[in-house]
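Using the sequences and the hints, build the whole thing.
If you're matching positions, the sequence shown starts at 5 in this note's numbering and goes up one per residue.
You may find that some hints are simply not true.
Listed next, the in silico DSBU-like pairs over lysine-lysine satisfying Cα-Cα at most 30 angstroms (straight line) [stated by the list, open to error]: (1) Lys27 to Lys41; (2) Lys127 to Lys33; (3) Lys33 to Lys52; (4) Lys113 to Lys93; (5) Lys41 to Lys127; (6) Lys33 to Lys72; (7) Lys27 to Lys72; (8) Lys52 to Lys93; (9) Lys93 to Lys27; (10) Lys72 to Lys127; (11) Lys93 to Lys41; (12) Lys113 to Lys52; (13) Lys127 to Lys93; (14) Lys72 to Lys20.
The following label-pair restraints were derived from C-beta to C-beta distances [to be verified]: (15) Gly117 to Glu29: 13 to 23 angstroms; (16) Glu29 to Glu74: 36 to 46 angstroms; (17) Glu29 to Met89: 30 to 40 angstroms; (18) Lys52 to Asn137: 31 to 41 angstroms; (19) Glu105 to Asp25: 18 to 28 angstroms.
These are computed hints drawn from the structure, not numbers from a lab. Bear in mind that the values here come from a model prediction, so they are computed numbers and not experimental data. Ideal Cβ placement from N, Cα and C applies to all residues, glycine included.
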Amino acid sequence: MRTQDSIYRAEDEAVKLISYDFKVEDVNKFYWSTTDKTYFAVDFNDDKGQQHYAIITQEGGETSYYTKDEIITEDEATSIVLYDMQPDKIVQMRLAQINQEPIWEATIKNNNGTITYYIISAKDGTWIQTIENI
5 MRTQDSIYRA EDEAVKLISY DFKVEDVNKF YWSTTDKTYF AVDFNDDKGQ
55 QHYAIITQEG GETSYYTKDE IITEDEATSI VLYDMQPDKI VQMRLAQINQ
105 EPIWEATIKN NNGTITYYII SAKDGTWIQT IENI
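This is the structure:
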């Protein structure tokens with residue numbers, strides 16, 4: 005289980021890596037996800053007020069950047085998941101990558117107590133994968 009301290013440390017390290025390429029003014033949200041690898045993602049604004057998304061591979065620090073025009077927002081992804089799955093409860097949305105493609109991963113709690121992961125493309129919201137009954 006991730007402790008709050010380790011989350012803060014990971015976010016701090018991610019922002020330091022991003023700072024090599026952008027001046028980070030505000031961090032809007034930090035995500036930590038494990039798909040094919042472990043990723044840290046940051047939704048941030050630069051010193052010009054432009055919103056960006058950075059997805060960083062934990063091992064090695066490889067970083068991919070996207071603008072708000074290149075990927076859908078968390079709110080848009082949530083709306084797609086709500087429409088597609090009609091879940092009882094979305095526990096969490098996380099930005100990550102699978103095979104170097106940006107994705108949104110929804111963690112859904114089902115009525116029977118199981119968890120479903122619903123994964124969509126962060127580029128256009130198309131369905132990629134569903135992992136059920138966990």
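Taking the hints in turn, this is what the structure says about them:
{"no.": "1", "hint": "Lys27 to Lys41", "in the structure": "holds (27 angstroms)"}
{"no.": "2", "hint": "Lys127 to Lys33", "in the structure": "holds (18 angstroms)"}
{"no.": "3", "hint": "Lys33 to Lys52", "in the structure": "holds (18 angstroms)"}
{"no.": "4", "hint": "Lys113 to Lys93", "in the structure": "holds (6 angstroms)"}
{"no.": "5", "hint": "Lys41 to Lys127", "in the structure": "holds (19 angstroms)"}
{"no.": "6", "hint": "Lys33 to Lys72", "in the structure": "holds (14 angstroms)"}
{"no.": "7", "hint": "Lys27 to Lys72", "in the structure": "holds (17 angstroms)"}
{"no.": "8", "hint": "Lys52 to Lys93", "in the structure": "violated (36 angstroms)"}
{"no.": "9", "hint": "Lys93 to Lys27", "in the structure": "violated (36 angstroms)"}
{"no.": "10", "hint": "Lys72 to Lys127", "in the structure": "holds (10 angstroms)"}
{"no.": "11", "hint": "Lys93 to Lys41", "in the structure": "holds (26 angstroms)"}
{"no.": "12", "hint": "Lys113 to Lys52", "in the structure": "violated (39 angstroms)"}
{"no.": "13", "hint": "Lys127 to Lys93", "in the structure": "holds (24 angstroms)"}
{"no.": "14", "hint": "Lys72 to Lys20", "in the structure": "holds (21 angstroms)"}
{"no.": "15", "hint": "Gly117 to Glu29: 13 to 23 angstroms", "in the structure": "violated (42 angstroms)"}
{"no.": "16", "hint": "Glu29 to Glu74: 36 to 46 angstroms", "in the structure": "violated (20 angstroms)"}
{"no.": "17", "hint": "Glu29 to Met89: 30 to 40 angstroms", "in the structure": "holds (35 angstroms)"}
{"no.": "18", "hint": "Lys52 to Asn137: 31 to 41 angstroms", "in the structure": "violated (46 angstroms)"}
{"no.": "19", "hint": "Glu105 to Asp25: 18 to 28 angstroms", "in the structure": "holds (20 angstroms)"}
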